[in-house]
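Engineer: Residue-level listing of the chains:
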Amino acid sequence: MKNFYRKVAFGLGPDEKVPSDPLEWAKDQLNEIPEFSWKGKILPEKELRKFYGEWVYGDRKVLRKKFKNDKDGYKREKNKLRHATGQKFWWNLELCIRYSEALKSETPVLAKLWYFWGNHFAISEKDFLAKYTTGAYQREIIRANMNQNFEKMAQEATIGWSMIHHLDNEQNIGPKSQEARWAREKGKTKGVNENHARELLELHTVSPDCGYTQEDVIQMAYIMSGWRPKYGKKRLETGDVHFNPDAHEPGTKTVLGKKYKRGRKSLSVAITDLVNHPSCRKFIAMKLCRYLITDNPTQEMMEPIIKAWEKSDGFLPEVHKAAVEVAFNYSDKYNKFQNPENWLLQMSKMADVDLIPSPSFMDLYKLGNKPIKDQRALERLMDELGQHPYLAKQPNGWSDMSEDWMSPELLIRRLVYAREAYYKKSGKSQTTEFYEEMIEKNYDDPTEILQIINQHKELVHKHVILFNLPETLRS
Amino acid sequence: MKISRRNFLKGSATTLFLAGFNFPVLANTDKKKNLVVIMLRGGMDGLCAVPIIGDKNFAKRRKDLILDETIKLNSDFALHPKLKNFHNLWQNNLGAIVHATNIPYTKRSHFDGQNLMETGGHIPYSIKSGWLGRGMKLAELKGDGLALALPMPLLLRGIPSNDNFYPSKKRLPRTELLQLLKSVYTDKSEHDLANMMEIIANRSMMSSGGTSMSRKNSSLAYKAGLELKKINGPRVAVFEVDGFDTHAAQGGVNGSHSDSLIEMDSIFKSLEKGLGPEIENTLVLTLTEFGRTIEQNGGRGTEHGYGSAIFMAGGLLKKSQVYTDWPGLKRKELFEGRDLNSTIDARSVYASAMSTVFDTDFKRVQKEVFWGDKLQDLSDKLFKI
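Keeping their order, the protein sequence lines are chains A and B. Counting from 1, one number per residue, gives the positions in the first sequence under our numbering. Counting from 1001, one number per residue, gives the positions in the second sequence under our numbering.
FYI, nobody ran anything at the bench for these hints, they're computed from the structure. Please note: incorrect hints may appear among the correct ones.
[Said to hold, decoys possible] Stretch by stretch, here's where chain B covers chain A in the computed footprint (C-beta under 8 angstroms, at least three residues):
{"no.": "1", "region": "61-70"}
{"no.": "2", "region": "394-401"}
{"no.": "3", "region": "410-421"}
{"no.": "4", "region": "453-461"}
C-beta atoms are modelled at their ideal positions from N, C-alpha and C, and glycine is treated no differently.
Could you build the full structure based on these sequences and the hints that come with them?
Structural biologist: This is the structure:
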């Protein structure tokens, strides 16, 4: 049962009491969205996007032209522009905010589910999204909607600037639209880009299980045509998303048998229908079970989550409570191989590793400067561990399947960084007593675990072994 | 311009005709053969790497990017002067090029293009495994892949238990500790973990005094060569080279495109060094998402294009050659009036390579890895079979 604390959160830290009712402890964390526990600076997405715009404009429209014959000069000036727009700093700040929720907040269960949703509506590695806006998108659109219906999160994520740009919807132009006609007059062709529409169906809502066809994807793309950033001469593609009727495909569209009229409202109506489709709740229930419990969820596991969804109309706090309850009920039967990020956070929480730089240290950063090495520690660490949360390779996010995280090099990183982490602990947590108490609190069979790690004398070795035991790798 | 499109087509029609009637019997040779794929990310400019000789259209449109002192390969094509190692291979019949080729992707997004070059599909993000992973699965090569990257590239996905190597900058824990974990894994029936720990423990003994290895592609390639050489080592290796997206200051011999080409060239050299005589049983191929526009842009760079080239190296090549169905560079011959066309589906080259190296019938590769798409069997044109 004690693995439940790691399954739905990151284990119990040294200052935390063992909850008398673990399930209530978990559920209580899911009603409200508290303020961030990070006490340093937090920038709005809009401001970060402005920096993105300055970077793209400066590089594309100014430097490339100015230094067309000077490779080294171009590189030098580009570097200056990077720092002038904080390109190497913001995502490190975002990681501090992100990990404070796991390690320093009263709501680690909410944090673990926040990471789930950020990965569900993933913004993967594209252009400079990760470096400027992905963290903020996950704060303002994902986390902020975790006490709302799933529908609201889906609506906002879909027309969020990050997602629209990430999935190329700015290039999605109705072939019979005004804009396509203008293009034809100039001898060019413009047409539909299905990327975003496909992912909305496949990854974000109903999944291929619902049986949509390629024609449904195209029709969905027609509905989405015209949703794009307001283009500006200086901000380029980083303007706010709006609906441009000139690029919208005229006529009625049909998706999954339902008809939608032309116009701005059709996308929102279509999303409402998608999130209410039975395949959508089934898909989300499956993914939640896969994330928390096992690679291959059973129908029985998914059922209570689907029921909670139906009863509450997809109200996320209720869906989340149902999911943690299922995780609780199956905690003795199933262990889930943890991805590198969750593994690191568990180790940091339980063993009291000083993972996150302090707010005052991060706030020392001055725009225009290169960040100090230690201000970039988290970015480097996540890259080393093989799972930077803002750099998923594809729009389907980081994998929730164990086999994708099992490779020799990825295991080496856990060995190596367990050791590194030990040296980032305060002296008072580098004692045998500390470890005994922590193991007692967090593992079901403390005697066996102590027996294994005690085969090595030095505490640092015990630490490395503990965090690479199957009991830790799987929770 | 001495090669004529007409002549080539006659030749290829014959090939196709013969392939249709020829059901090769595949013998299991006891020689271990290796396949190496180098992914060139950002859009490799085939016309910068392997320029055409004496084409007025080319000279006119690229006047600031034309290279001096190119290395002449044959009467039609030259080689970028910085590709010295590749040229050495070429001179020993260990280097060849397929030109005017690309995956069947005609839009211009890196993001989508790189996904498709790895999955081998037509619709971005619709396939979740790589063509190489599926090919290995078909040939039952579980546990034979080595990625010089972290995490596992999409290209290799589709078959479990691949190895990956990307030196950590920190020291591994002592061997006794690794052995203890291995025995715990074994006791608890965690076989996958135990196998991985075995690989890691062997690796730690090989490293010299715990100093961290360089992550440069040239040193990774040497290491990969040593592993591929082993009779029970991996049979497939994958590399990545970034930085081909040169919208500005692409430059000539010392431009930014050259920097990335030089890195690719260093992989050839180190692989050859690591492999030693086993280079004879190895095939190295490059892979990119698209080529670049013929016309230079305002920043003396190039934009995203279509047709590119594939570099090939190793003793499994038939001979040194530039294999192409040259489409020409007149405006009407260009793709959308701006890019070198692709007249050979690059996947035909990859399917033929897998068929040759994995000793698997081409038709099965075509059907099971590439969904029966229309591909040509180029094995007897390009490789020793």
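Engineer: If a hint holds in the structure, say so; if it does not, say that too.
Structural biologist: Comparing the hints with the structure gives:
no.: 1; hint: 61-70; in the structure: holds (count 7)
no.: 2; hint: 394-401; in the structure: holds (count 3)
no.: 3; hint: 410-421; in the structure: holds (count 9)
no.: 4; hint: 453-461; in the structure: holds (count 3)
Hint check: no violations occur; every hint is consistent with the structure.
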